[in-house]
Amino acid sequence: MSQLKLKCQEANHICDKSQYKEASFWEKFRLTIHLLYCRACQKYTASNKKLTEAIHDPKFVSIAEKDKQALKKQLQEELSK
Amino acid sequence: MLAGWVKFIIFDKTATALSMANNVIDPNLWVDKYSDYLYNYTIVRVNDSEIAKDLISETFLAGLKSKDNFKGEASERTWLISILKRKIIDHYRKINSNKGKAEVRITHDDSETEGDWLEQRVASKSDKNAQDQIENTELGMAIFDCLGNLPQKQAEIFRKKTIENHDTEAICNAYDITPSNLWVIIHRARKSMAECLESNWF
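Chains as they are written, first to last, in this note's numbering: chain E, 48 to 128; chain G, 38 to 239.
Hints in this document: simulated from the structure, not taken from any laboratory.
Cβ atoms here follow ideal geometry from the backbone N, Cα and C, with glycine treated the same way.
Among the hints, erroneous ones may be present.
To be verified - FRET-style restraints, in silico, Cβ to Cβ: (1) G:F107 with E:E124: 17 to 27 Å; (2) E:E112 with G:S112: 22 to 32 Å; (3) G:S119 with E:K113: 20 to 30 Å.
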């Protein structure tokens, strides 16, 4: 039983990891059990998931690293003139 | 008493002068700090990633040219946005100067839609409309806005891990930190990002 129980800190850590699909099955199982009774972690997990969804929204765009380097180079050239 | 007030007023003046001087511009950081924010702003207005990138680089160059005119009254980002707005307007002026393009042409030789009634070619209501598009771009801007509020190191690591999907190990090596350090940073960043988005977006 003691193996099953999680502290909130550990639960949050597993929750963070699972946002990047890096949590193991056993960890996720223990997190689920923890979430059954812990309100604070339920809240954290919900907002954490929301954040992940927002970032995975297809309309959320960012410039690729390559293009950024090109922009930087252009700017540097102009600066050194 | 009076001397105290005078001192206070003088101090106050220097303080505002200092805070105005805080709004200085540093073009070296522009790309890292603002390019994504500006990109999200532009993409919904021109709807083409190549044009958006061009407009942003034009904006940066124009900013560079007129950086001596920057009075420090607005933040750097607001100033860049105001340049960008003009660039976008210029872009539309340019493509509209050729008046012939303004007429609507309906072509009938598309083999796929040949024989369809005109009514059938109208976009269905469930398609994304302009309002959805604007809302979603505001999301992008809100995220980068919140990202800008984080401490620099946190923001960088959060960016690498979450948006650019780098490996944990690669980031740890690049910043010379342990994985547990990284997770603590990620946790703090996620927490403040979630709070910030909660108040600005959701």
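Each hint, compared with the structure:
no.	hint	in the structure
1	G:F107 with E:E124: 17 to 27 Å	holds (21 Å)
2	E:E112 with G:S112: 22 to 32 Å	holds (25 Å)
3	G:S119 with E:K113: 20 to 30 Å	holds (28 Å)
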